[in-house]
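Trainee: Protein sequence lines, in the order shown, are assigned to chains L and R.
The opening residue of the first sequence carries number 1 in my numbering; numbering runs sequentially from there.
The opening residue of the second sequence carries number 1001 in my numbering; numbering runs sequentially from there.
Please keep in mind that the hints were generated in silico from the structure rather than gathered at the bench.
What you are looking at is a predicted structure, and each value in this text was computed from that prediction instead of being measured.
Don't take each hint at face value.
[As the list claims (entries may be wrong)] To be clear about the criterion: a stretch of chain R counts as covered by chain L if any three or more of its residues have a C-beta under 8 Å from a C-beta of chain L, and this derived list gives those stretches:
1. 1188 to 1201
2. 1234 to 1243
3. 1301 to 1313
4. 1357 to 1366
5. 1601 to 1613
[To be verified] Sample of chain R residues at the chain L side, in silico, Cβ under 8 Å:
6. T1028
7. V1481
8. D1510
Glycine included, every Cβ here is placed at the ideal spot set by N, Cα and C.
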Amino acid sequence: MLKRLCVPLVLVLAGGLWAGAAPISRNLQADYGADPANGDVTAMLQRALDDVAANPDGGTVVIPAHAQAWQVSRPLFVGSPKVTIAGEGMGTTIRMNGRCSLFLLGIRDAYPEAPISAAHFPSVAGQTPPVLDTSVPRATGLRTNDGHVRAAGFFPLCPFTLGARLARYPNNGTHYSADPVFTVELCVRNNGDGVMKGVICGVGDGPRGDIGDPMTLWTIDSDPTTGAHLAFHARVQDAMGRESLLTLPLATAPVGAGTLRVAVQLDFTAGRACAWSSISTVLPLPLACTAVATLPTGTRFKTFAYGAFRLGRVTDSPFTGSPADPLTRQLGDWTYAGVYLGDALRYAWPTAPGAAQARLDGAAITDASRYFTRDAGSIALSSDRPRDPAASNHLVLMRCGQRTDGEYFYGYWLPMRPLALNAQGGTTIVRNLRLDLCAPFTGAAIVIGEASRVSISEVVSCMMNAHGISDWGCHVPNCPVTVTHVAFDALEAIYYGKSQNLDIRQFNGRPGWTAFRLVGCQGALRGMLLGDSDNTDHAYFMLHAGPYGGPLSIENICFDNEGYENPHLDGALFYAEPSLHPGPGGNALDIKLIYDGTMYTRLNQAVVQLADAPGGAVTPPGRLTLALLAIPNAPEQHPACLVRCSSTHWEGRIEGYPQHDMRLTIGPIDYSGPPGGCRLHTYQYDAIGLPTEGAWLAGCHELTIPAALPAPGSGTVYRCTKSGVYGTPTPPVWTPVGKEAK
Amino acid sequence: MMRHLLALLVVGCSLPLLAAMPRVLDITQPCQDYAIAAPGAAHAAETTQAIQQRLDYLSTLSPTGGRVVIPRGDWFLTAPLVLDQGGVELVGAGQDATTLQAVPGKAAMPLVHVAMTRFFPYLPHQPENWVPLAGLLDNTVPAGRYGIRTYTEYPPGGNHLTVKATKSWAEGTAFQPGDAVKVSANYSQITCVCTAVHTASADTRPLQGTHWTQAWTAKVPANVFFSMNPFADGALDPASGRASNLAGMSAYTVELAYVNNSANTARPVAGVCWGEAPQNKVWALYQSDVDSLRLAYNLTLADGTPVSWQDEVNPRGQSPTAIGLYRVVLQFDFTGHRLQAWLRGPNNPTWVRTLNRDLPVGAHFTPTQKASFIFGGYPNGSPYANRSDFDVPYDYTLCGLRMSAVPRYADADALTLRSGGAPTDAIYFANDPGTMGLLPLTDHGEDLRNTGYLVTQVLGDAAGETGEIGYGILWPGAVLVGRQHLRVSDMTLKPGPHWGAGIVNWQGLDSKFWNLTIRGGFYAIGDLPYGCSYTTDIRNCKLSGAHAAVFTDYSAVCLRHVTIDPCGRYGVLLSGANADCDDVTFANPVTHRTEYYLCHVGQTYGGQLQFTHLTGTAPAGSAYPSGGVFDFTHIYPTLVQMQGCRFANLGLDAALLQMTYSRPMAGTAPKTLAITDVQVTGPRLAALVRTDDPELTGVIDAPPGTYRQWVQWLAPAWNATATYAPGDHVVFGQQLYVARTRQANHPPILTGDTDDWRLVRLGLSLRMPSTGNKP
């Protein structure tokens, strides 16, 4: 029987070989004549990648070691999942001179089924009827509909994404939530005869795509059904961290054909906000104030996870969905003529709605000054080269201000198309390379898109990009991603994953605002040294709810801040939400062998913070296992608690933490949910006595005190049977429940 | 014809073409005017040069570096290779294809230095660091010897430039000759003295500005450092085929000659040490602040009691700080129970016995797990032991050094050789029977480019490798720099057999040692102390070192798929380290009489230890590893997880785990054990856990019936005639007690605590495997 099966198998395999469908190898230097001494090799490297990708069985692009770095200037598209990019060790350096990501795995340069055309990039200067005023002699717009293909803008890992303050080089270390001032200006023409409905622009990373999605930070949008009530919305939080929605009305009636101009100015320091708008079908009109608001002291943008800046729709995917998607279909025919973000005040504060807009410096207001002036802390779509058609079909340039020469960043004008998830199989491999990205704080060294399986090994990234390894959110369900022996530094997160099945080992890095930001991921992470992270602001591991997910194991992690205090870390080492559909393995989170090396906290920090999915989404319960912690013994290094939780949807088991000198100022569990709702349990098998401080919850704690001369079964087990706090009139009560099992 | 063409090509490959050179350099292929390697011992010099030249070239491209490829073949070296800049890789053709070893006569040298700096561009060694000995020592000294001076000034030319005023450096400040600033450099300070009137600018910023040497002179200290050789680790113990680590020596003689070049007080001269604390010394000779030359030493008495003693070495009333030549002999005779020292200083025309005391019967040097020998630097075990914080940095010239494993001198006031007669200065260069090692002092500054920091050492028969050459390092101040992303892989290294190392790592960041076979040497892969190497990744390797296959210090190390066969004194020696070991096999503990498969020495770092799928195999009836699987002292917060491990035939007196804490630094660090799914087969062990740690906690799943005791206390039994000080441990009624107060004759009370004694309650939960790890 076996022989019978084997014969056809052999024939099939042999047939494949006979047909010549075998992986191929292309050497960037030998086969394409690339020479680092001759400058930029972007085109040649892209051609090599395309050639290998065109082979049905893929193959390898070898990038030889060379005395000079291989210089590239724009993203490299790896459109086939069967491509291996192989260097020759540390001698192979690829230097990215552009302000963008380097390798886009699973992203193609063009999509024949939904091609981007020149009509998506119309001129918007000197037009009749006018779009921009005559102060702008030349400008190219971004059009959502060329009559065939709908498209929208996607601007990941750039100042639009991460906050305007990022534009102020070299001061980079913050994002929207720390911007004291935020200004956004927008000019968009409605080309069609209908009204503008839904989201016009914004920042977010959630599936719903509007401000109702907790993963959306801010939008300019109108009622998706009627187009009425155009407004600026932002998720903000007050000084106590309480979140609310800030709404600044821009127009009550739906916006029909014509050009819409919007300006919004927020000053969190002074506690003021206002908005202006105008709608013109003929000439640019002055903007009139539509809203004036007072912000409570301490208000700021909410502490935000991460999300790209988008034009047209705000979603969690770079491709804005199927043309059949009703939300997609409502995207009209719009042309974006000017977009500006800044963190400097531009306009005088109006006293009441209806007042005319006036600049603080008294200068005249023109479209050039609104959208194309690179003043301090500004970023704007470039007026002269918004697109780089020679480089790619859908790359879009934007320009960052402050520097007189401007800095170009890359965004993408991507077609609406369904994702071809996992269509081809195969593994995309990147290995044995040194990446030197010369544009700090933007882009990612490696982006994972529509990849079916990814392996990254022996890769070192030497500059602090926004992300080390990033994910554009194509949500290939549980896409296997193996990462070993790599080192990355990053501004936002050294690893950003969505819906991935991870196998990560020996990952060293310098975290940014966080170390690992994982959305609905599962798998195993073992062996990491995370250090020098004085920018990390909430948690080193941010584990967000996502559409997929599953059991996630994290072990042997050393947080080593070289003895420096992190002044920002106010959350926990780990922050976790349960995923929406974790599969049969459930939302199991297993954290083990965590070593807080030389990190000073002082900020009421927990080891693990558990939360519900954003927006109260219903998820399968989370199951935490937390074991084996080592926390330094210096008082300033003690966490406040092991687990902080207000959710009743998490259950958990915490064990293997040292009692000696581990002074938890709150207690093992900091629970603030409904009384009696805590489903977390601590088990300490090696207690040296009953506790004497902290808060303890009835039914949540069990201690075993071994005998003075340890032997199996000699310990006495106690349970906390009455909640209480030591040092108060109602301390907890412990009840012996018998001997420990042998 | 082809050869001529190649030669032309090589000559034509001038500097402007450097940038076009490849970054994967085969040592057998022409490249620039570099040497071309050839297999075999006869071509060792060319091979060494060929490899090092290519490594040096790639170092100039750091941090991006490149790869030197060593093809299939047996390759020989005349000097250690150095990967001294980031991104440099040394790659062979496979473990079974490429072999690197020392040329005969240099068996004791380390083969590859990783993340070290061979030359120090901004504070370079200078010819002045080597001083001709002619005229310094007597005329019996063979010609061509050079003393090693631990102080120079850079740019060279001065000699202890006078400091008139100490200032702070800031742009715009006016400086006059004689003004001095202390410049922080690499965790140290260098004193720079102004040599020209100038106003401070970035261009002349000391040690940093482009033209700083036009305005400043730096006082550059240095010290001589030895590790992985007999100076640091004692004579060879023939029975175990590894170092005696001094504790096993019945006699120990040090003959030392040095010049004190500057008046100063309170500074060290030499010693064998492994840390900051006073008890972390085997011995140290130092000038104290009371104008005396003292010998501090640590012994273990016959009953196991450690003692730290000090004795004067110079005659009363005579300053040891006078400038001039000092000759010192230290002789520990543990068999004859006598410690003696003789001194001949600038004020002593003849030898004077300045120390003569009895040693207790059964006393021996305190045991060490790791140690360094340092001359002219602070004796803390670090190679980086000298700095110029002091107004007058240590300034010695090392003129002669020999260590022996025999008592060389008669017990008499006059210094008399046991073989008869008075010694001459030729003793320092005589490789007589009983010699562990000596410095031939044949290195000299004119050959600086080739020798770099190396200090040649000649081994004697007490080291087991008579006449073989090892190396120490003349280590300058302020050169502590981490190097990133270095790699050695795919080859076999043959160090040793007893000394040196396959790979020496120091300050390596993200070093990769993959697919290697390294059997021999003191370590197969070893850090220099205080290395702060993280992360060191060792995988798919077959290793063995006489002391340990792997040693790492202040570091994070990952071992995966590693076989250690045979085990040395230890399989893996960790010191203040974090370790992640998975699939590590320890085999043959008999050859070197292994003490523990794993040993962790407590330091102020490390302690995150994960051991999964370890296997230890020994032949039936083996007495080794004699101590057990894991010996652990801790200071820092500690987690030890051991899971899925299998050990067979541990020694009869072994414990699975020995857990102790380091006194007096420890006692407050949280620590916990989690031992699950560990199986021990063979004879019953002495204990599951052997400890003196009153704060040990954890959970251990232990197979029943394998241990004669669950917990064995490492403390003496209470003695009615003894006096106890606070903190003393005693065992009474099978329980461990710690003294609270100073007292005598008050026994602990079996039922618990008293005002005098605290009953130790370990938070150690022991479980049978059938119950699992969870209730």
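Trainee: Evaluate each hint against the coordinates.
Mentor: How the hints compare with the structure:
1. Check on the region 1188 to 1201 of chain R: 0 of its residues sit with their Cβ under 8 Å from a Cβ of chain L, so the three-residue criterion for coverage is violated.
2. Coverage of the region 1234 to 1243 of chain R by chain L is violated [criterion: at least 3 residues with CB-CB distance below 8 Å; count 0].
3. Residues of the region 1301 to 1313 of chain R lying with their CB closer than 8 Å to a CB of chain L number 0, which falls below the three-residue condition for coverage.
4. With 0 residues having a Cβ less than 8 Å from any Cβ of chain L, the region 1357 to 1366 of chain R misses the three-residue criterion, and the hint is violated.
5. With 4 residues having a beta carbon nearer than 8 Å to a beta carbon of chain L, the region 1601 to 1613 of chain R meets the requirement of three or more and the stated coverage holds.
6. Proximity of T1028 of chain R to chain L is violated relative to the hint, the smallest CB-CB distance being about 17 Å (cut-off 8 Å).
7. Annotation: interface hint on V1481 of chain R violated; nearest CB of chain L at approximately 15 Å, more than 8 Å.
8. A distance limit of 8 Å between C-beta atoms decides the matter here; for D1510 of chain R the minimum to chain L is near 5 Å, and the interface restraint holds.
Checked against the numbered hints above, the structure breaks hints 1, 2, 3, 4, 6, 7 and satisfies the rest.
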